[in-house]
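One letter stands for each residue in the lines below.
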Amino acid sequence: DAKTTQPPSMDCAEGRAANLPCNHSTISGNEYVYWYRQIHSQGPQYIIHGLKNNETNEMASLIITEDRKSSTLILPHATLRDTAVYYCIVRAYTGKLIFGQGTTLQVKP
Amino acid sequence: EAGVAQSPRYKIIEKRQSVAFWCNPISGHATLYWYQQILGQGPKLLIQFQNNGVVDDSQLPKDRFSAERLKGVDSTLKIQPAKLEDSAVYLCASSPLWGKNTEAFFGQGTRLTVV
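Just so you know, the protein sequences line up as chains A and B, in that order.
When you line the first sequence up against this note's numbering, it's residues 1 to 109, in that order.
When you line the second sequence up against this note's numbering, it's residues 1001 to 1115, in that order.
Just so you know, the hints here were simulated from the structure itself, not pulled from any lab data.
Note that the Cβ used here is the ideal one computed from N, Cα and C, for glycine as well.
Some clues are possibly wrong.
Footprint (simulated), chain B over chain A, 3 or more residues, beta carbon under 8 angstroms [claimed, not checked]: (1) 13-19; (2) 41-53.
In silico contact screen, one side only, chain B against chain A (beta carbon under 10 angstroms); selected entries [stated by the list, open to error]: (3) Trp1022; (4) Asn1051; (5) Val1055; (6) Lys1083; (7) Glu1085.
Quick list of in silico lysine-lysine cross-link-like pairs, BS3-like style, CA-CA up to 30 angstroms [stated by the list, open to error]: (8) A:Lys69 x B:Lys1083; (9) B:Lys1062 x A:Lys108; (10) B:Lys1015 x B:Lys1044; (11) A:Lys3 x A:Lys69; (12) B:Lys1062 x B:Lys1011; (13) A:Lys108 x B:Lys1071; (14) A:Lys108 x A:Lys96; (15) B:Lys1083 x A:Lys96; (16) B:Lys1062 x A:Lys96; (17) A:Lys3 x B:Lys1044; (18) A:Lys96 x A:Lys52; (19) B:Lys1011 x B:Lys1078; (20) A:Lys69 x B:Lys1044; (21) B:Lys1011 x A:Lys96; (22) B:Lys1062 x B:Lys1044; (23) A:Lys3 x B:Lys1015; (24) B:Lys1078 x A:Lys3; (25) B:Lys1083 x B:Lys1044; (26) A:Lys52 x B:Lys1078.
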């Protein structure tokens, strides 16, 4: 079973920041938080991952709370092309990726 | 760099028939995953290989599904016999050996319709 909880859906205005929350209260010390997104009819696309420090790349920022029980994915300037299902995943030491239901993000003009 | 290649992209079969899917991972990637994604749900892990050994196949319905990864490169997933509930997208993914900065890359998937 997935070790994460996400809201089923969210809306965001185009050009604004999209903040997607994720709860992972049972995460272990050596498990990473990964974020993927899936645009309709495509395979999941990697976005970002982290262990305990905040991370930033060209796509997004990942904020992990100090107790590591939750995290937030931030898309700084959402565009219509960011409309997708976003998955927050706790990745086990074996490399196993278990997907939950994800959050459907709808970016509106 | 070439991505994960899967074929075919689409397949329609009748129930009780057999079907096979093929995956060619990114060159040098030791880990290969097969996922099943039913419409409206998140991908479900069926099997994970490390080189040509199985790491996890706990969710693979072994009475009808089989998978192999000969020589630790390409992989095939087979369903025999197919049921209506096997209609789904079958995704293949690969990643380097597990480590701090490894990410898994997914193919486009094979959409299976069982009628």
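Each hint, compared with the structure:
1. 13-19: Violated, because only 0 residues of the stretch 13-19 of chain A bring their Cβ atoms closer than 8 angstroms to Cβ atoms of chain B.
2. 41-53: With 7 residues close enough to chain B, the hint holds.
3. Trp1022: Violated, about 15 angstroms.
4. Asn1051: The hint is violated - B:Asn1051 has no Cβ within 10 angstroms of chain A, the shortest such distance being about 12 angstroms.
5. Val1055: holds (6 angstroms)
6. Lys1083: violated (22 angstroms)
7. Glu1085: Given a least distance of 19 angstroms, the restraint on B:Glu1085 is violated.
8. A:Lys69 x B:Lys1083: Since the Cα atoms of A:Lys69 and B:Lys1083 sit roughly 40 angstroms apart, the hinted pair is violated (cutoff 30 angstroms).
9. B:Lys1062 x A:Lys108: Between B:Lys1062 and A:Lys108 the Cα gap is close to 44 angstroms, so the pair fails against 30 angstroms, i.e. violated.
10. B:Lys1015 x B:Lys1044: Given pair B:Lys1015, B:Lys1044 holds - Cα atoms ~22 angstroms apart, limit 30 angstroms.
11. A:Lys3 x A:Lys69: With Cα atoms ~11 angstroms apart, A:Lys3 and A:Lys69 stay inside 30 angstroms; holds.
12. B:Lys1062 x B:Lys1011: Since the Cα atoms of B:Lys1062 and B:Lys1011 sit roughly 21 angstroms apart, the hinted pair holds (cutoff 30 angstroms).
13. A:Lys108 x B:Lys1071: Violated. A:Lys108 to B:Lys1071 sits at ~48 angstroms, over the 30 angstroms cutoff.
14. A:Lys108 x A:Lys96: Between A:Lys108 and A:Lys96 the Cα gap is close to 34 angstroms, so the pair fails against 30 angstroms, i.e. violated.
15. B:Lys1083 x A:Lys96: holds (27 angstroms)
16. B:Lys1062 x A:Lys96: holds (19 angstroms)
17. A:Lys3 x B:Lys1044: Roughly 13 angstroms between the alpha carbons, so the hint for A:Lys3 and B:Lys1044 holds.
18. A:Lys96 x A:Lys52: holds (19 angstroms)
19. B:Lys1011 x B:Lys1078: holds (13 angstroms)
20. A:Lys69 x B:Lys1044: Within the cut-off at roughly 23 angstroms; holds.
21. B:Lys1011 x A:Lys96: At roughly 27 angstroms apart (the allowed maximum being 30 angstroms), A:Lys96 and B:Lys1011 satisfy the hint.
22. B:Lys1062 x B:Lys1044: holds (15 angstroms)
23. A:Lys3 x B:Lys1015: violated (34 angstroms)
24. B:Lys1078 x A:Lys3: holds (29 angstroms)
25. B:Lys1083 x B:Lys1044: holds (17 angstroms)
26. A:Lys52 x B:Lys1078: Measuring from Cα to Cα gives roughly 39 angstroms; hence the hint is violated.
Comparing the model with each numbered hint stated earlier shows that hints 1, 3, 4, 6, 7, 8, 9, 13, 14, 23, 26 do not hold.
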